[in-house]
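Asks: Okay, here's what each chain looks like letter by letter:
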Amino acid sequence: MGTEKIIFYIFAFIVVFGATMVISVRNPVKAALYLVLTFFASAAIWLLLEAEFLAIVLVLVYVGAVMVLFVFVVMMLDINVARLKEGFIRYLPLGIGVAVLMAVMMIMVVGPEYFGLDKIAAPERHGADYNNIREIGGILYTVYVYPFEIAAVILLVAIVAAIVLTLRRRPNTRQQRPEEQIAVKRGERVRMVKMSAEERK
Amino acid sequence: MIEWIQSVFSILPEALQTLVVILLKIVAIVLPLMLCVAYLTYAERKIIGAMQVRLGPTRVGPRGLLQPIADAVKLMFKEIVIPAGANKLLFIIAPILSIGPALAAWAVIPFDVELVLADINAGLLYVLAVTSIGVYGVIIAGWASNSKYALLGTMRAAAQIVSYEIAMGFALVGVLMASGSLNLGEIVAAQSGSFFHWFWLPLLPLFFIYFISAVAETNRAPFDVAEGESELVAGFHVEYSGMVFAVFFLAEYANMILVSGLAVIMFLGGWLSPFQGLPQAVFSIPLLGAVLDNGIHWFLIKISVFLFLFLWFRATFPRYRYDQIMRLGWKVFIPVTIVWLLLLGVAVLAGLPPWFDAV
Numbered sequence: 000m001g002t003e004k005i006i007f008y009i010f011a012f013i014v015v016f017g018a019t020m021v022i023s024v025r026n027p028v029k030a031a032l033y034l035v036l037t038f039f040a041s042a043a044i045w046l047l048l049e050a051e052f053l054a055i056v057l058v059l060v061y062v063g064a065v066m067v068l069f070v071f072v073v074m075m076l077d078i079n080v081a082r083l084k085e086g087f088i089r090y091l092p093l094g095i096g097v098a099v100l101m102a103v104m105m106i107m108v109v110g111p112e113y114f115g116l117d118k119i120a121a122p123e124r125h126g127a128d129y130n131n132i133r134e135i136g137g138i139l140y141t142v143y144v145y146p147f148e149i150a151a152v153i154l155l156v157a158i159v160a161a162i163v164l165t166l167r168r169r170p171n172t173r174q175q176r177p178e179e180q181i182a183v184k185r186g187e188r189v190r191m192v193k194m195s196a197e198e199r200k
Numbered sequence: 000m001i002e003w004i005q006s007v008f009s010i011l012p013e014a015l016q017t018l019v020v021i022l023l024k025i026v027a028i029v030l031p032l033m034l035c036v037a038y039l040t041y042a043e044r045k046i047i048g049a050m051q052v053r054l055g056p057t058r059v060g061p062r063g064l065l066q067p068i069a070d071a072v073k074l075m076f077k078e079i080v081i082p083a084g085a086n087k088l089l090f091i092i093a094p095i096l097s098i099g100p101a102l103a104a105w106a107v108i109p110f111d112v113e114l115v116l117a118d119i120n121a122g123l124l125y126v127l128a129v130t131s132i133g134v135y136g137v138i139i140a141g142w143a144s145n146s147k148y149a150l151l152g153t154m155r156a157a158a159q160i161v162s163y164e165i166a167m168g169f170a171l172v173g174v175l176m177a178s179g180s181l182n183l184g185e186i187v188a189a190q191s192g193s194f195f196h197w198f199w200l201p202l203l204p205l206f207f208i209y210f211i212s213a214v215a216e217t218n219r220a221p222f223d224v225a226e227g228e229s230e231l232v233a234g235f236h237v238e239y240s241g242m243v244f245a246v247f248f249l250a251e252y253a254n255m256i257l258v259s260g261l262a263v264i265m266f267l268g269g270w271l272s273p274f275q276g277l278p279q280a281v282f283s284i285p286l287l288g289a290v291l292d293n294g295i296h297w298f299l300i301k302i303s304v305f306l307f308l309f310l311w312f313r314a315t316f317p318r319y320r321y322d323q324i325m326r327l328g329w330k331v332f333i334p335v336t337i338v339w340l341l342l343l344g345v346a347v348l349a350g351l352p353p354w355f356d357a358v
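In order, the protein sequences belong to chains L and G.
Mind the numbering: the first sequence is residues 0 to 200 in numbering that gives the first Met the number 0, read in order.
Mind the numbering: the second sequence is residues 0 to 358 in numbering that gives the first Met the number 0, read in order.
Some hints here could point you the wrong way.
Facing chain G, a subset of chain L residues (Cβ under 7 Å, in silico) [stated by the list, open to error]:
#, residue
1, G63
2, V70
3, M104
4, I132
By construction, these hints were calculated from the structure, which means they are not laboratory data.
Quick reminder that beta carbons are idealized off the backbone N, C-alpha and C, glycines included.
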């Protein structure tokens with residue numbers, strides 16, 4: 000138990016540190032990279048909970064795909080930090096009010112009287128042959144099959160919507176059509192001319 | 000000497016003993032790997048040289064065999080130039096982020112039946128997740144070096160890697176459907192039988208797509224627009240010199256070996272011998288039998304074949320244009336994989352022999 004606790008505290012510290020840096024660091028690219036660190040450390044904590052499938056998928060999806068696109072977009076933006084900071088003092092009271100309200104709401108929902116160790120027991124420890132993926136698959140495709148399918152359809156709609164939003168045809172753009180390029184015949188491009196050699200002048 | 004080591008070892012607490020054993024295993028994998036990387040650069044220069052009717056390196060050592068060592072020593076003694084206005088910390092972290100995943104993924108690669116560092120049940124997912132982190136090395140390198148060429152190279156590399164990762168992932172879904180397991184050892188075991196039991200045959204389109212995507216993922220020719228010498232000087236690592244450049248170089252070659260190894264495990268039966276299925280008497284011939292039988296040597300031979308393909312591609316194909324790369328990834332590979340996954344689903348459900356009747 001000793002080493003496990005130490006590992007937990009190390010990664011928990013990294014998560015909290017990373018999350019704090021995400022909102023406090025000035026450079027947006029650095030903020031995104033700290034978010035990557037936070038995700039990675041959270042995945043390690045999930046591993047301690049024996050949720051190895053979810054931990055690996057967190058790294059695969061969020062670190063490997065979502066955050067790559069985040070960093071990609073943020074790198075190309077030229078964000079004016081000074082203008083973003085305008086009115087920071089003026090809106091500070093309102094901001095503090097909203098933050099306090101959110102903190103109170105969170106404590107009401109996930110406070111110690113609902114989330115304490117006596118309410119939700121520590122998960123049962125399984126042996127090395129326990130297959131977390133099989134368990135998740137079994138429950139996802141039987142008990143939760145409809146929510147799962149509905150979530151998939153919603154994601155599909157979101158993908159189609161995002162593509163439609165970016166799809167605009169400008170009249171003057173030229174596009175490559177590989178199927179036409181492949182179908183080209185020699186006779187359409189080159190004209191063979193038969194002529195006798197010209198006399199040298 | 001050995002007794003002394005044993006006595007010291009037994010004094011250590013149990014947790015420390017496991018740690019020492021794991022560290023030794025890691026060294027036993029990484030050291031030969033680094034040696035392979037060094038001699039892969041030598042093989043590349045020799046093979047491409049032969050294809051272009053040149054000699055390649057001949058001067059350092061017999062037949063130029065010490066050339067990689069000389070290169071490494073030279074790079075170690077060169078100055079690491081950190082460009083003005085670069086982000087120092089990220090500039091140094093970038094090459095580490097690029098080689099770290101390439102080495103970490105070897106933890107789950109099975110070399111033989113029992114020869115694997117970490118035999119985890121989600122091995123395939125682990126490999127996918129870990130290799131997807133490698134792209135950060137490229138992204139951070141381009142951004143931290145404060146250079147236009149590096150940033151342009153990064154943009155290309157990141158978009159290309161993210162696009163081809165999808166096709167690669169779909170190809171791996173096919174493997175996982177065919178074998179019914181995410182454990183790399185079990186994937187190999189599911190292919191045992193004979194040469195025709197390996198998954199290259201029922202998954203032929205996925206096999207081709209996986210390997211082409213792997214070439215694109217590692218930013219090798221003909222998909223090396225991220226470097227694109229004629230356009231971007233050297234792409235994301237223009238500003239790197241000395242050892243930090245060497246680390247990027249090592250990462251590229253280590254990744255080549257890794258994706259070749261994965262292709263072998265998933266489509267060509269890993270350590271399984273192509274002569275499996277011959278009468279048992281053949282394998283009891285003293286020396287020849289051991290060579291023909293399953294073993295780590297088959298794994299290494301198959302990896303070498305793929306590595307040769309990498310070098311052959313580089314010597315043969317002209318570089319793809321950027322928009323054509325994107326078209327190939329999104330409009331050709333992804334639809335083909337989806338269609339093949341549907342067909343594969345039907346085949347698995349029907350228990351198509353000889354591959355899926357056992358599942």
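Asks: Confirm or reject each hint.
Replies: Evaluated hints:
1. G63: 3 Å, holds
2. V70: With Cβ-Cβ at 6 Å, under 7 Å, it holds.
3. M104: M104 (chain L) check fails; min Cβ-Cβ to chain G is 34 Å, beyond 7 Å.
4. I132: 6 Å, holds
Of the hints listed earlier, the one the structure fails to meet is number 3.
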